[in-house]
Amino acid sequence: MASIRLAVPKTAQSGDIIEIKALIQHEMESGFRRGSRGEVIPRDIIVRFECSFEGVQIFAADFHPAIAANPLLTFHMRAEKSGRLLFEWTDQNGETWRDSADLEVI
16 MASIRLAVPK TAQSGDIIEI KALIQHEMES GFRRGSRGEV IPRDIIVRFE
66 CSFEGVQIFA ADFHPAIAAN PLLTFHMRAE KSGRLLFEWT DQNGETWRDS
116 ADLEVI
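For the sequence shown, my numbering gives the first residue as 16, with consecutive numbering after it.
Since the hints were made in silico from the structure, they are not lab data.
Errors might be hidden in some of the hints.
[Unchecked claim] If you anchor each label on the Cβ, the simulated ranges turn out as follows:
#1 Gly-53 with Arg-99: 46 to 52 Å
#2 Glu-119 with Pro-80: 37 to 43 Å
#3 Glu-65 with Glu-95: 17 to 23 Å
#4 Asp-114 with Glu-54: 16 to 22 Å
#5 Pro-57 with Gly-30: 43 to 49 Å
#6 His-91 with Ile-56: 31 to 37 Å
#7 Asp-117 with Arg-49: 43 to 49 Å
#8 Ser-18 with Gly-70: 23 to 29 Å
#9 Ser-29 with Arg-52: 55 to 61 Å
#10 Glu-54 with Leu-87: 27 to 33 Å
C-beta atoms are modelled at their ideal positions from N, C-alpha and C, and glycine is treated no differently.
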């Protein structure tokens, strides 16, 4: 089970550029490494991240085997109205993890 950590300001002034950080704890096994007995460790990676604000995608990223474990993404958005940010990660098998954070624009 992956664990998610988000860093999103609870409030922002209208027009401010805010920083958003999203981390998922995941091994991101590339499929190229071998275990202690020489067996290939099967590939297990997150392949897609998306962030939307009130249903509109504001950031997306595709991941590949070279991405390190526990990928941390940092991006920015302009705070124009209050709403909910939805964060979604999808792995190579179609399993999805989601979390959300509310932003109040004052």
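Now the hints, each set against the structure:
no., hint, verdict
1, Gly-53 with Arg-99: 46 to 52 Å, "holds (48 Å)"
2, Glu-119 with Pro-80: 37 to 43 Å, "holds (39 Å)"
3, Glu-65 with Glu-95: 17 to 23 Å, "holds (20 Å)"
4, Asp-114 with Glu-54: 16 to 22 Å, "violated (34 Å)"
5, Pro-57 with Gly-30: 43 to 49 Å, "holds (47 Å)"
6, His-91 with Ile-56: 31 to 37 Å, "holds (36 Å)"
7, Asp-117 with Arg-49: 43 to 49 Å, "holds (45 Å)"
8, Ser-18 with Gly-70: 23 to 29 Å, "holds (26 Å)"
9, Ser-29 with Arg-52: 55 to 61 Å, "holds (59 Å)"
10, Glu-54 with Leu-87: 27 to 33 Å, "holds (30 Å)"
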